[in-house]
Amino acid sequence: VKWEPAPSISSPDGKFEMNLRGRIYVDTAWINDQQDNENTQATEFRTARLGIEGKAWKDVKYKFEADFAGNEVDVKDAYIQWKGPLAVKVGQFKTPNSLEEQTSSRYITFMERASFTDAFSLARQIGLGLGTSGKDYTVNVGIFRGANATDDEDEGLTFAGRVTYGPKMGDTQLHLGASFRHQNKGDDQSSIRYRQRPHAHLAQNRYIDTGRFADKDTFFGFEAAGVMGPISLQGEWAFVKANIKTPTTGENDPTFNGGYIEASYMLTGESRAYKGSKGSFQRIKVNNPVFEGGMGAWQVAARFDRIDLTDETFFGGEQDTFLVGLNWYLNRHTRFMMNYSHANIKNATDVSKNDVNGKNKVDTIGFRAQVDW
Amino acid sequence: VKWEPAPSISSPDGKFEMNLRGRIYVDTAWINDQQDNENTQATEFRTARLGIEGKAWKDVKYKFEADFAGNEVDVKDAYIQWKGPLAVKVGQFKTPNSLEEQTSSRYITFMERASFTDAFSLARQIGLGLGTSGKDYTVNVGIFRGANATDDEDEGLTFAGRVTYGPKMGDTQLHLGASFRHQNKGDDQSSIRYRQRPHAHLAQNRYIDTGRFADKDTFFGFEAAGVMGPISLQGEWAFVKANIKTPTTGENDPTFNGGYIEASYMLTGESRAYKGSKGSFQRIKVNNPVFEGGMGAWQVAARFDRIDLTDETFFGGEQDTFLVGLNWYLNRHTRFMMNYSHANIKNATDVSKNDVNGKNKVDTIGFRAQVDW
Amino acid sequence: VKWEPAPSISSPDGKFEMNLRGRIYVDTAWINDQQDNENTQATEFRTARLGIEGKAWKDVKYKFEADFAGNEVDVKDAYIQWKGPLAVKVGQFKTPNSLEEQTSSRYITFMERASFTDAFSLARQIGLGLGTSGKDYTVNVGIFRGANATDDEDEGLTFAGRVTYGPKMGDTQLHLGASFRHQNKGDDQSSIRYRQRPHAHLAQNRYIDTGRFADKDTFFGFEAAGVMGPISLQGEWAFVKANIKTPTTGENDPTFNGGYIEASYMLTGESRAYKGSKGSFQRIKVNNPVFEGGMGAWQVAARFDRIDLTDETFFGGEQDTFLVGLNWYLNRHTRFMMNYSHANIKNATDVSKNDVNGKNKVDTIGFRAQVDW
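Chains as they are written, first to last, in my numbering: chain A, 221 to 593; chain B, 221 to 593; chain C, 221 to 593.
So here's chain A without its partners, still in its complex pose (with noise of 0.2 angstroms):
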């Protein structure tokens, strides 16, 4: 039984293990537009969840988590994995797509991820995966059909593919990565769109939309990050082509794009948790926990989000958003976290959101306590 903050139990024989895994986020939030469409002050849990994670016969891993927030349901990892010299997995898990998105939501900057990751539909879906890694790189590859939300008589296929590469260079840990995903939807399945909110889930509107029109796409993702200390530097770049169901006369495919630049600073001196392995950020190290003495870890950090919907004959928008945020972590499982966001929107004929000009601005601050265990 080791303890952080919950149990972890395993067999004296180390063949068995088991966790009780959740956390919390509790989220509140002021948005506000220049159109006046909105002007939210709100709370919600972000995420409310409960599951478990074992181990078993040493090389089987099982994993089951389901969300509770706005009190629905929505299963999150569920799968099996045998981890020989290949890793096998079957369930609902990822596609391996995009650093931030790999990344757990425990352990990003921000209080949510890149514009792209949601405009673009990274997500749980339900397949079969293959992994290999070493010290430092991850090779991932992916087939999928559907999710535990769909029920469709035919649910399409997805495949999906990511390396990574995390060398340590003196003391610099870089990363650097590289995705892709085509998705094809299934006849009977309604089409895709890409759509964001501004910087805050409680949002209620999503300025930028490009409606419903593809029955395909193909996304490709470029990973870059470098830890030095206390630096932290992270950026990625997504494109998508859309396929158009039935496109009209001189209408043509669509490509969408969009990304991010990222800079923090670890104030009380710790560094951001690289790991090679995964090709993915873990839990940071709390020098000087709050409940054991100290004054835990305080991090700032800026971002440049970009997200653009806006290509051919499809005004779905630009957004491009300016953030910043400071993050208190009293120990490895508590995180305090304030964000505020600028976002500007041009090219959005939306106009039942933005002006006759599909312009508009956003601003957020959001606040948010979270605990995992």
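It is worth saying that the hints were derived from the structure and are not from the lab.
DSS-like mimics (lysine-lysine), calculated; alpha carbons at most 30 angstroms apart, straight line:
(1) B/Lys-222 / C/Lys-278
(2) A/Lys-222 / B/Lys-222
(3) A/Lys-495 / A/Lys-235
(4) A/Lys-314 / B/Lys-296
(5) C/Lys-281 / A/Lys-235
(6) B/Lys-222 / C/Lys-235
Anything over 10 angstroms on all C-beta distances counts as not near chain C; from chain B, calculated:
(7) Phe-379
(8) Thr-530
(9) His-562
Because the structure is a prediction, the values reported are computed rather than measured. Just so you know, even glycine gets a beta-carbon here, dropped at the ideal spot from N, CA and C.
Got chain A; can you put chains B and C on it based on the hints?
Positioned in the frame of chain A, the structure of chains B and C alone reads:
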């Protein structure tokens, strides 16, 4: 590891602790009203809950419970609490109001709480709470906005506070308490209404109901209780002044009120368990548990409950209920309950449910098997 | 603490015990019918369950499981049981009917149970059960009203009972059983209908369906099975007589029937695990588990399944299904399954799904990865 009946696991240094929590209440009831609007004979899980509770770094407590009764999700307590000289709580929990509302449903004397608690919508909200307590007193205040179930643009604000004093006078345990709550609904939230079922959750009808009309209200409640060995007396009275959202000429803001007086007697000699530092009743200690050769604890109880939702130009109705109950505690975690209630309704202008004079009578018989761990 | 693969924690004095339970079945299937109404290629979690089970004071058992497949909540077993000379159960559990229904889906031979079990709506209800058992027999009766999913004013009543006898004759384990169920729907509940999918839960259509017409029915079922080393034979036949709620002139109450005969063979020499004191099949013991150097257990099986919902003036349809299956038990808790089925449908007057002569043919191929802990 301590057992009763579920394991509570703690680390050797006492810094960490975790419990799995759960409860099941299986109910069946017969309900009939004089107007023959309802002839219920049905069953339900009144509560079917799973959750987790833990301590981390000694002073931090986290709790997360979800209810699955009716095959729907309802997140209950979900918060993080730091307990120093001042206890600070963030998350979803009950506003600090009413002795019976603050007492877990596992420990209340009848199958349902007093009519006024639901009628005046005492409930869990998402917020921040501050509290302090001594051996025989508690002081709690909180500020709240929305809940896990709400999804509004403007979720309003609620302020609440409660003080209790519970001195031991010789062999007599006293309890005195008072609380207030002021809630201000957000602009886009639906208006407040006041309504209540007869004393049975399986009832299909709420015979008294004001309809929705208020955007703000202020609640005051007063509590008193005494435990003298096997005898217990308990009473509360509460008032709510409601602010009409869009008053018409001659309409004045109404004030509604409700309360109850209860007497109970432990036939087998136990005492109801009051805790002054919590300002609420706790788990009864059973002298001779059934599965250890005893006959368990037996309790008889009677209550008069009143709720008056008729004032000014509002004829929500008055409901006076007489209740008797018989409880059999097999052990500290298992209880069988039998309740009979007779309600007199008057001045309730909803003639689809009541007679032309606004009157009705409702009889209920309910049985519950309750287990928690 | 015992492991396999989840920990079962018990107190040193043996009075208390607790297990965390869970199971995930990941399914994918291809389904096609002759009339081209369905061309399914999809995935789902057939089951995604978390729960808890415990023993308290030696003789009391509690169990609570909830299923989250499809992102919906479905409370499964949720009861308290006292086990003395007589076992008394209160809560939600299955009515005591059918060998295959009483056998956990983890241990049945094919991916879905016999057609008649769903068609005649054998299911969990809220009620009170009494049972007694010896080494080779079981007797169970129960009275039920409604379920966690029902919310009706009058939830009717159901009576059910089952007896089994499972003697060991030399090396042969026999099982004989019979059960009945009488259900009477409440006045305000919707009428009973009988219908069934082909042999795949992902199927979008139920080709046979009587529509809703009955307010009462009586079920009789007969069971037989034999296990001789690796060979197992199993069969059931069941009848349900339905009472038409509002019969028109010349309409008589119909009687429907269904059943199956199954043969299976463990290629790797194991035996199916029957338990006479439970009257059902249990977990198979795998001789050479995969993660301990073996090849697991391999099983082949064939079944003929029939359900006839055409009688008197009702043309719900007849469905005869031929099934073959291949199961690979990696160890006691992990199983991969492959099922192929071919169904012949006739006398099914739903011409939106079948041809003008009421005929159709459906082929299904299904794969499952199953884990439980």
